[in-house]
Amino acid sequence: MTEDVVIGNIDVLVIGGGLAGTFAAIKAKEAGAANVVQVDKASVGRSGCSAFGAGVMRTFFPREDDREKTVRECVLRTHFLCDQERLGQHLDDCYDRIKEMDAFGVEFEKTPDGSFERILARGTSRRVMFKGGYKMMEAMRKAAIKKGVKIVDRVMVVDLLTDNSRAAGAIGFSTENGQAYEFIARSVVLAAGGGWMKGRRPGHRNITGDSMATAYRAGVTLAGLDSAGANTGPAIYDIGPGNNMYMGAGAILVNSDGKRFAEIYDEALKEKTELGILNVACAIEARRGKTPLYLDMTHIEPEKVQRMKRVIPLPMMMYERAGVVVGDKFVKRIEWVIEGPHCNGGLLLNNRYETTLPGLFTCGDAMPNVGPEGQIALPGAMTSGARAGKYAAEYAGEVAPPKISSEQDGALRERMFAPMKRKDGIEPDQVLLSLQEAIVPYDVLILRHEKRLSKALQEVESIWSDQVPLLYAYDPHYLRMAHEASNIVLVARMMLKSALYRQESRVCLREDYPYLDNAGWVKLVTLKREGERMSLGEAPVSLERSKLKPQPEKLLHPLWQSAEKQGIIRIEEGSVKWV
Amino acid sequence: MGVRKIDVSACIGCGTCVEYCPMDVLKMDGQSQKAFIKYLGDCQDCFLCERVCPNSAIRCIPVYEKRIPLPW
Numbered sequence: 001m002t003e004d005v006v007i008g009n010i011d012v013l014v015i016g017g018g019l020a021g022t023f024a025a026i027k028a029k030e031a032g033a034a035n036v037v038q039v040d041k042a043s044v045g046r047s048g049c050s051a052f053g054a055g056v057m058r059t060f061f062p063r064e065d066d067r068e069k070t071v072r073e074c075v076l077r078t079h080f081l082c083d084q085e086r087l088g089q090h091l092d093d094c095y096d097r098i099k100e101m102d103a104f105g106v107e108f109e110k111t112p113d114g115s116f117e118r119i120l121a122r123g124t125s126r127r128v129m130f131k132g133g134y135k136m137m138e139a140m141r142k143a144a145i146k147k148g149v150k151i152v153d154r155v156m157v158v159d160l161l162t163d164n165s166r167a168a169g170a171i172g173f174s175t176e177n178g179q180a181y182e183f184i185a186r187s188v189v190l191a192a193g194g195g196w197m198k199g200r201r202p203g204h205r206n207i208t209g210d211s212m213a214t215a216y217r218a219g220v221t222l223a224g225l226d227s228a229g230a231n232t233g234p235a236i237y238d239i240g241p242g243n244n245m246y247m248g249a250g251a252i253l254v255n256s257d258g259k260r261f262a263e264i265y266d267e268a269l270k271e272k273t274e275l276g277i278l279n280v281a282c283a284i285e286a287r288r289g290k291t292p293l294y295l296d297m298t299h300i301e302p303e304k305v306q307r308m309k310r311v312i313p314l315p316m317m318m319y320e321r322a323g324v325v326v327g328d329k330f331v332k333r334i335e336w337v338i339e340g341p342h343c344n345g346g347l348l349l350n351n352r353y354e355t356t357l358p359g360l361f362t363c364g365d366a367m368p369n370v371g372p373e374g375q376i377a378l379p380g381a382m383t384s385g386a387r388a389g390k391y392a393a394e395y396a397g398e399v400a401p402p403k404i405s406s407e408q409d410g411a412l413r414e415r416m417f418a419p420m421k422r423k424d425g426i427e428p429d430q431v432l433l434s435l436q437e438a439i440v441p442y443d444v445l446i447l448r449h450e451k452r453l454s455k456a457l458q459e460v461e462s463i464w465s466d467q468v469p470l471l472y473a474y475d476p477h478y479l480r481m482a483h484e485a486s487n488i489v490l491v492a493r494m495m496l497k498s499a500l501y502r503q504e505s506r507v508c509l510r511e512d513y514p515y516l517d518n519a520g521w522v523k524l525v526t527l528k529r530e531g532e533r534m535s536l537g538e539a540p541v542s543l544e545r546s547k548l549k550p551q552p553e554k555l556l557h558p559l560w561q562s563a564e565k566q567g568i569i570r571i572e573e574g575s576v577k578w579v
Numbered sequence: 580m581g582v583r584k585i586d587v588s589a590c591i592g593c594g595t596c597v598e599y600c601p602m603d604v605l606k607m608d609g610q611s612q613k614a615f616i617k618y619l620g621d622c623q624d625c626f627l628c629e630r631v632c633p634n635s636a637i638r639c640i641p642v643y644e645k646r647i648p649l650p651w
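Protein chains in written order, with this note's numbering: chain A, 1 to 579; chain B, 580 to 651.
Hints are supplied without guarantee of correctness; some may be wrong.
To be clear about the criterion: a stretch of chain B counts as covered by chain A if any three or more of its residues have a C-beta under 8 Å from a C-beta of chain A, and this derived list gives those stretches [what the hints assert, rightly or not]: (1) 581-589; (2) 600-611.
Chain A is nowhere near these chain B residues, computed Cβ spacing over 12 Å in every case [claimed, not checked]: (3) Gly620; (4) Phe626; (5) Asn634; (6) Pro650.
Under the rule of at most 27 Å between Cα atoms (straight-line distance), these lysine-lysine pairs were calculated in the DSS-like manner [stated by the list, open to error]: (7) A:Lys451 x A:Lys290; (8) A:Lys150 x B:Lys645; (9) A:Lys455 x B:Lys645; (10) B:Lys606 x A:Lys135; (11) A:Lys259 x A:Lys528; (12) B:Lys584 x A:Lys421; (13) A:Lys99 x A:Lys69; (14) A:Lys272 x B:Lys613; (15) A:Lys528 x A:Lys290; (16) B:Lys584 x A:Lys309; (17) A:Lys110 x A:Lys150; (18) A:Lys304 x A:Lys110; (19) B:Lys606 x A:Lys142; (20) A:Lys332 x A:Lys131; (21) A:Lys423 x B:Lys584; (22) A:Lys142 x B:Lys613; (23) A:Lys290 x A:Lys146; (24) A:Lys455 x A:Lys577; (25) B:Lys606 x B:Lys645; (26) A:Lys309 x A:Lys403; (27) A:Lys423 x B:Lys613; (28) A:Lys565 x B:Lys584; (29) A:Lys69 x A:Lys259; (30) A:Lys455 x A:Lys528; (31) B:Lys617 x A:Lys332; (32) B:Lys613 x A:Lys421; (33) A:Lys259 x A:Lys304; (34) A:Lys329 x A:Lys304; (35) A:Lys497 x A:Lys451; (36) A:Lys523 x A:Lys497; (37) B:Lys606 x A:Lys547; (38) A:Lys523 x A:Lys547; (39) A:Lys270 x A:Lys329; (40) A:Lys497 x A:Lys528.
No lab work stands behind these hints: they were computed from the structure. Cβ coordinates follow ideal geometry from the N, Cα and C atoms, glycine included.
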């Protein structure tokens, strides 16, 4: 082990190197923060979801799009859980951020007159296209460096430092040489992404719930962990992402009988429906015994395939390598599955992107992702990151430098290096596989029932108590893998407990509580650490200044209604019965 | 998963792949000053190294090498 590195006198420390974190760092500099440091466990711009984005991004252009319609669709789609004030901020900012990215050198697809070319893909919002996520992030990294952001690559932040209940920095280690790093900062932006489970999703296997786990350990309140998402992708090829481009180009999804089924749940959009609906559609086909499912793109025109090659170059290389794409044609159907689950929760925040820990801000997928516009994926990362960075810089300008106690520092270091100090133990891969066996089946977190959630929780709790304390790392690389595995298991525990807490169907479907209860459940499920105990609670969704308000009624969830109409289910004694 | 080979005769030792790899899979060999695959099991199959290599020395394949349970 070599000497420790202490980086002090930081105004804004940004943890995470995706689009949200990079925008936060850039905007913190622009807001006047003198010393902005951005740290990533991989390297800024090549990490997280952003570099592997599917080349398209939902956008709202005030002169071209209908604001009222956009708000309405977003609110109804999230069944009133999305924060309408933050949604408004996103719609205010979206176009300006795209223009800035253009100025930073991000290569967007443009029309001959130089305007942003926009297409419909999934959903009803039009999207801009850029030439590959990694190229987009390369331009963002260069922009951050040009603005004077100090970048620290290959350092995994493990815990936050606090000073009298205020964020004061972070502690981490170099994955290259094991050096301990201590960052002392007036304010911190936690932008280390959401909670994927190292599932079937190339390019996303380093998004391991670090934001939520780190915040939880520091006593920060989390929210929305009851909501699990998933993406869809190939069963036998390790290829992704690209769904938006595939569906936008006209891909169709069929079951083992060769029948399309997405239209049962969204008659208008069919396979172009929102991802949450598509996941449920696939899961119900599995419950009906109609698997394998296939994505068919063999009919897609060569010019659309050529566009895919420009916009999602990495997945298209992979399809060519697998013999699925030959020239400009998809030559075979692809067996298709749900990839996931991943956690849609995040840090509870106010409309200045500040969490319940003063001085700690958050953005991007580290926020609770309860809205397709502005609170999820690249568009949300872009606008929330920019605001979080600005507000963090303003906060830093008002507070004194923090002090870190040596007791706090010592205890955190001991925990951080514990896997390397053990003489033997359990491999991170073993812990991950045990966890995936417990939570990947579609009928745990996508189609839910108390019995199955409880059984999975019991399994995950035993992984947490029996395996995680024995995680073993040979070297700093495996130390990262050990902390990632530990964070994933912690996030899975939080997801399952939160999922059991919400006794209705809303963003996710319960078989035992199939009703959408707008009288009792238009609220977020929260979770925080109290000693060694997880404390669950509720936070209201701010509707006072919102235009759209729910009727206080309880009705069968619309997706269950669709299934009932088709004779797939019936409701008996308040529960779903499969026909 | 994914990164299959680095052709040492084509590798110019620029370190670009090592710098880009999000999963810390690739390292530079101190003696030969060429990149090598150190942690294959943690490769996330993103193909980024192949794409950014300036001399086409890297080849990836889209094949799962770790068992990941299927959802059904």
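Results of checking the hints against the structure:
For the segment 581-589 of chain B, the proposed coverage by chain A is not satisfied: 1 residues have a C-beta within less than 8 Å of a C-beta in that chain, short of the threshold of three. Counting residues of the segment 600-611 of chain B whose CB falls under 8 Å from any CB of chain A gives 4; the rule of at least 3 is met. Non-interface status of Gly620 of chain B relative to chain A is broken: a Cβ of that chain comes within 12 Å, the nearest being about 7 Å off. Not every beta carbon of chain A lies more than 12 Å from that of Phe626 of chain B, the smallest distance being close to 5 Å; the non-interface claim is violated.
Under the 12 Å C-beta cut-off, the non-interface status given to Asn634 of chain B relative to chain A holds; the minimum distance is some 17 Å. Annotated as non-interface, Pro650 of chain B brings its C-beta within 12 Å of a C-beta of chain A; the closest such distance is 4 Å. A distance of roughly 24 Å separates the Cα atoms of Lys451 of chain A and Lys290 of chain A; the hinted pair therefore holds under the 27 Å criterion. Of the supplied pair hints, the one linking Lys150 of chain A and Lys645 of chain B is violated, its CA atoms being roughly 36 Å apart against a limit of 27 Å.
Taking the CA atoms of Lys455 of chain A and Lys645 of chain B, the gap is about 25 Å. The hint holds against a cut of 27 Å. Restraint check for Lys606 of chain B and Lys135 of chain A: satisfied, since their Cα atoms lie roughly 22 Å apart, inside the 27 Å limit. Between the alpha carbons of Lys259 of chain A and Lys528 of chain A the distance comes to roughly 45 Å, so the proposed pair goes past 27 Å and is violated. At roughly 33 Å between alpha-carbon atoms, Lys584 of chain B and Lys421 of chain A are farther apart than 27 Å, so this suggested pair is violated.
Taking the CA atoms of Lys99 of chain A and Lys69 of chain A, the gap is about 23 Å. The hint holds against a cut of 27 Å. The hinted pair formed by Lys272 of chain A and Lys613 of chain B fails the criterion: a straight-line CA distance of about 45 Å is larger than 27 Å. Among the hinted pairs, Lys528 of chain A with Lys290 of chain A is inconsistent with the structure: their alpha-carbon atoms are about 40 Å apart, more than 27 Å. With a C-alpha separation of about 24 Å, the suggested pair Lys584 of chain B and Lys309 of chain A falls inside the 27 Å cut-off, and the hint holds.
For the hint linking Lys110 of chain A to Lys150 of chain A, the alpha-carbon distance of about 32 Å lies beyond 27 Å, and the restraint is violated. Simply put, Lys304 of chain A and Lys110 of chain A have alpha-carbon atoms about 15 Å apart, close enough for the 27 Å limit, and the pair holds. Restraint check for Lys606 of chain B and Lys142 of chain A: satisfied, since their Cα atoms lie roughly 23 Å apart, inside the 27 Å limit. The hinted pair formed by Lys332 of chain A and Lys131 of chain A meets the criterion: a straight-line CA distance of about 25 Å does not exceed 27 Å.
Proposed proximity of Lys423 of chain A and Lys584 of chain B is contradicted: the alpha carbons are some 32 Å apart, above 27 Å. With a C-alpha separation of about 26 Å, the suggested pairing of Lys142 of chain A with Lys613 of chain B holds against the 27 Å cut-off. For the given pair, Lys290 of chain A sits about 54 Å from Lys146 of chain A by alpha-carbon distance, which is inconsistent with the 27 Å threshold. Distance check on the hinted pair: Lys455 of chain A and Lys577 of chain A sit about 20 Å apart at the alpha-carbon level, within 27 Å; holds.
Distance hint between Lys606 of chain B and Lys645 of chain B is fulfilled; the C-alpha atoms sit about 21 Å from each other, no more than 27 Å. The straight-line distance between the Cα atoms of Lys309 of chain A and Lys403 of chain A is roughly 51 Å, outside the 27 Å bound, and the hint therefore fails. About 32 Å separates the Cα atoms of Lys423 of chain A and Lys613 of chain B, which puts this hinted pair outside 27 Å; it is violated. Taken as a hint, the Lys565 of chain A and Lys584 of chain B pair is broken in the structure, with Cα atoms around 53 Å apart against an allowance of 27 Å.
Restraint check for Lys69 of chain A and Lys259 of chain A: the C-alpha separation of about 32 Å exceeds 27 Å, so the hint is violated. At most 27 Å may separate the alpha-carbon atoms for a hinted pair to count; Lys455 of chain A and Lys528 of chain A meet this at roughly 22 Å. For the given pair, Lys617 of chain B sits about 34 Å from Lys332 of chain A by alpha-carbon distance, which is inconsistent with the 27 Å threshold. With a CA separation close to 31 Å, the supplied pair Lys613 of chain B and Lys421 of chain A exceeds the 27 Å bound.
As the CA atoms of Lys259 of chain A and Lys304 of chain A are separated by approximately 24 Å, the hinted pair is consistent with the 27 Å bound. A distance of roughly 9 Å separates the Cα atoms of Lys329 of chain A and Lys304 of chain A; the hinted pair therefore holds under the 27 Å criterion. Among the hinted pairs, Lys497 of chain A with Lys451 of chain A is consistent with the structure: their alpha-carbon atoms are about 13 Å apart, no more than 27 Å. The straight-line distance between the Cα atoms of Lys523 of chain A and Lys497 of chain A is roughly 16 Å, inside the 27 Å bound, and the hint therefore holds.
For a cut-off of 27 Å, the pair hint linking Lys606 of chain B to Lys547 of chain A is broken: about 54 Å separates their Cα positions. A distance of roughly 17 Å separates the Cα atoms of Lys523 of chain A and Lys547 of chain A; the hinted pair therefore holds under the 27 Å criterion. About 23 Å separates the Cα atoms of Lys270 of chain A and Lys329 of chain A, which keeps this hinted pair within 27 Å; it holds. Between the alpha carbons of Lys497 of chain A and Lys528 of chain A the distance comes to roughly 12 Å, so the proposed pair stays at or under 27 Å and holds.
When each numbered hint is compared with the structure, violations occur for hints 1, 3, 4, 6, 8, 11, 12, 14, 15, 17, 21, 23, 26, 27, 28, 29, 31, 32 and 37.
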